[in-house]
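Asker: Position chain B against the provided structure of chain A, taking the given hints into account.
Protein chains: 2
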Amino acid sequence: MASTTESMSRLLKLAHKFNCFYLSGLQKGDCRPFVVEGQQVGLVRPDVAAQLARFPEVFLVHSDVVELNPAFRDYNERSAKVDAVLRRFRTDGAFIALKGWREECYEVRAAFSKCPLLKMDRSATCLFGIRQYGVDINGYVLCPERGMCVWLQKRAASKQTWPGKLDNMVGGGLSVGFGILETALKEAAEEASIPRSILDQKLTPAGSVSFFFESERGLFPNTEFVYDLELPLDFVPNNSDGEVESFELLPAKEALDKIFAPDFKTTSCPVVLDFLIRHGFVSPDSEPEFPQLIELLHVPLQSLYNRTQKSRRLENGDISSN
Amino acid sequence: MASTTESMSRLLKLAHKFNCFYLSGLQKGDCRPFVVEGQQVGLVRPDVAAQLARFPEVFLVHSDVVELNPAFRDYNERSAKVDAVLRRFRTDGAFIALKGWREECYEVRAAFSKCPLLKMDRSATCLFGIRQYGVDINGYVLCPERGMCVWLQKRAASKQTWPGKLDNMVGGGLSVGFGILETALKEAAEEASIPRSILDQKLTPAGSVSFFFESERGLFPNTEFVYDLELPLDFVPNNSDGEVESFELLPAKEALDKIFAPDFKTTSCPVVLDFLIRHGFVSPDSEPEFPQLIELLHVPLQSLYNRTQKSRRLENGDISSN
Numbered sequence: 001m002a003s004t005t006e007s008m009s010r011l012l013k014l015a016h017k018f019n020c021f022y023l024s025g026l027q028k029g030d031c032r033p034f035v036v037e038g039q040q041v042g043l044v045r046p047d048v049a050a051q052l053a054r055f056p057e058v059f060l061v062h063s064d065v066v067e068l069n070p071a072f073r074d075y076n077e078r079s080a081k082v083d084a085v086l087r088r089f090r091t092d093g094a095f096i097a098l099k100g101w102r103e104e105c106y107e108v109r110a111a112f113s114k115c116p117l118l119k120m121d122r123s124a125t126c127l128f129g130i131r132q133y134g135v136d137i138n139g140y141v142l143c144p145e146r147g148m149c150v151w152l153q154k155r156a157a158s159k160q161t162w163p164g165k166l167d168n169m170v171g172g173g174l175s176v177g178f179g180i181l182e183t184a185l186k187e188a189a190e191e192a193s194i195p196r197s198i199l200d201q202k203l204t205p206a207g208s209v210s211f212f213f214e215s216e217r218g219l220f221p222n223t224e225f226v227y228d229l230e231l232p233l234d235f236v237p238n239n240s241d242g243e244v245e246s247f248e249l250l251p252a253k254e255a256l257d258k259i260f261a262p263d264f265k266t267t268s269c270p271v272v273l274d275f276l277i278r279h280g281f282v283s284p285d286s287e288p289e290f291p292q293l294i295e296l297l298h299v300p301l302q303s304l305y306n307r308t309q310k311s312r313r314l315e316n317g318d319i320s321s322n
Numbered sequence: 001m002a003s004t005t006e007s008m009s010r011l012l013k014l015a016h017k018f019n020c021f022y023l024s025g026l027q028k029g030d031c032r033p034f035v036v037e038g039q040q041v042g043l044v045r046p047d048v049a050a051q052l053a054r055f056p057e058v059f060l061v062h063s064d065v066v067e068l069n070p071a072f073r074d075y076n077e078r079s080a081k082v083d084a085v086l087r088r089f090r091t092d093g094a095f096i097a098l099k100g101w102r103e104e105c106y107e108v109r110a111a112f113s114k115c116p117l118l119k120m121d122r123s124a125t126c127l128f129g130i131r132q133y134g135v136d137i138n139g140y141v142l143c144p145e146r147g148m149c150v151w152l153q154k155r156a157a158s159k160q161t162w163p164g165k166l167d168n169m170v171g172g173g174l175s176v177g178f179g180i181l182e183t184a185l186k187e188a189a190e191e192a193s194i195p196r197s198i199l200d201q202k203l204t205p206a207g208s209v210s211f212f213f214e215s216e217r218g219l220f221p222n223t224e225f226v227y228d229l230e231l232p233l234d235f236v237p238n239n240s241d242g243e244v245e246s247f248e249l250l251p252a253k254e255a256l257d258k259i260f261a262p263d264f265k266t267t268s269c270p271v272v273l274d275f276l277i278r279h280g281f282v283s284p285d286s287e288p289e290f291p292q293l294i295e296l297l298h299v300p301l302q303s304l305y306n307r308t309q310k311s312r313r314l315e316n317g318d319i320s321s322n
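Keeping their order, the protein sequence lines are chains A and B.
Under UniProt numbering, residues 1 to 322 are what the first sequence spells out, in order.
Under UniProt numbering, residues 1 to 322 are what the second sequence spells out, in order.
These are computed hints drawn from the structure, not numbers from a lab.
Check before you lean on any hint, since a few could be wrong.
Simulated crosslink set (DSS-like; lysine-lysine; CA at most 27 Å straight-line) [unchecked claim]:
id	chain 1	residue 1	chain 2	residue 2
1	B	Lys154	B	Lys28
2	A	Lys114	B	Lys17
3	A	Lys202	B	Lys202
4	A	Lys99	A	Lys165
5	B	Lys99	B	Lys165
6	A	Lys165	A	Lys154
7	B	Lys159	A	Lys28
8	A	Lys99	A	Lys154
9	A	Lys165	A	Lys258
10	B	Lys258	B	Lys159
11	A	Lys114	A	Lys186
12	B	Lys81	B	Lys99
13	A	Lys114	B	Lys165
14	B	Lys202	A	Lys253
15	B	Lys186	B	Lys165
16	A	Lys202	B	Lys253
17	A	Lys17	B	Lys114
18	B	Lys159	B	Lys17
19	B	Lys258	B	Lys154
20	B	Lys258	B	Lys13
21	A	Lys13	B	Lys114
22	B	Lys81	B	Lys17
23	A	Lys159	A	Lys186
24	B	Lys202	B	Lys186
If you anchor each label on the Cβ, the simulated ranges turn out as follows [what the hints assert, rightly or not]:
id	chain 1	residue 1	chain 2	residue 2	range
25	B	Gln201	A	Trp162	48 to 54 Å
26	B	Lys28	A	Gln27	22 to 28 Å
27	B	Gln201	A	Lys186	34 to 40 Å
28	A	Glu230	B	Asp263	44 to 50 Å
For each residue, glycine too, the CB sits at the ideal point set by N, CA and C.
Same shape as in the complex, but just chain A (with noise of 0.2 Å):
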């Protein structure tokens, strides 16, 4: 029997709302699987499958499944295509989540360990339920007389999606071509300048967190590679590429106390929330959901989409479109 959210204790309302299609919407069954070369990598809304079914000569939208044309050959062309229809769209204005169009692309793929099935545009890929890789930083400093303080940003006002909400220190997606610790580096010198020597010496891997959110753009099955990174007590992080308005350092209980707020990016929460764990400022006997609030902090992404076309041919005989 799932908790009454009325009982629950504010860490595990606050995992169920970035993990509100985990819970909800997921059970629902109203979306269908996204299947490309027979693997499933992804989850379409009934509002995107209309829409996808203006182009079938692309997307063969079954009763059951959206299924990219199996006849494309490759990676290129795969991708090749789809990002002709998207940009279709973008032209229309079918979809909010398209207005944030980049022009820099993620990796399609049935698991992380997976050959890459094709690209898309970031942007698109909520429309898709793909499931996107992202890298975090957790700045922090052992202050003397604070204890350990945690640097948050303030995402710049100009920012395509959560403008002017706080965030984690660093954060950026995992695009196309470039690795997990080298996309960690790359946004710790454009949002933070933090120098080379620092992260060389200082950098460490700690884990990651996954979870499944859905906003008004699309879905978000998220999977957040987290670093831990100590400062310098005199350091202060400096934006260079325009996209943060002002860093902030707080002592971790008050960074606890903030990811409640309704200016936090909800997305960033469970990067907070599990640095917190992991240096004891949640503690399974003062907060009695832990286990719960540790599983919804790495829901099984990776297992979800397991529907494979072959099973499907077994089951169904044959595939018939809609």
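Answerer: Okay, now just chain B, sitting in the frame of chain A:
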């Protein structure tokens, strides 16, 4: 599509080993939910169900569910009735698991944050697939020459489970009447004679791991609350309760190699692995299946048992025993 065993990284293979029930047995579906007061609290294998059916005044063994007699009024009555049956099984020699009878009970709950419904000897919980909770302490040293080093223990040859195997420095189950931190402090004193002054200053909660293991003894859905403890360079743990044969200090990288050895207690691997991930010794750039690995360190045990007697009544109209 699941990766084949051959193509997996060795860390992912290990994660499959300590999740052998989660990844195979659970899917087979030959275990029946164990229901108490309308709430699923565990799973019962066919061999166990057959034995439970000998005591129909205590266990109602239906074709699709095993139910504790709902006529039992409260925690005490349920605990006493189950205990009486288990002591009969113990005398009979019906189950290997009960050779490890402890006279130490674990709570049985629908979820960690829910009220206990009954208590049961810890040796018997694996017969019912009851979620077990434990506490583990990662003792480490920041060595000037060798970098981060980790203390491991070799279990005493006389231990009822996993005798002579390598294990975390300190670990223990969460028994009835003991808090999480309280258990950590007790076990640190008993198993490794760690002075209270060090624990008060340095013991830090650092999250939890969850996995679902199966052995010939039964089913183990385990959540371990993990603590990190930085120890002084000159501190040497010393066992005081006869449960540990020896302790060994290893560089973190060697500890990573140790967990692949057959003489490492399988169900302690997740704790060491989580520690090494959190401290940067396994990174997403070096481990291609990092997201899958993290998922398998945090399988969703709290949401696994979600069958309620109410939904069963609605589905089937009524409850019929077989």
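Asker: Output the numbers, in ascending order, of every earlier hint that fails for this structure.
Answerer: Violated hints (numbers, rising): 1, 7, 13, 22, 25, 28; every other hint is consistent with the structure.
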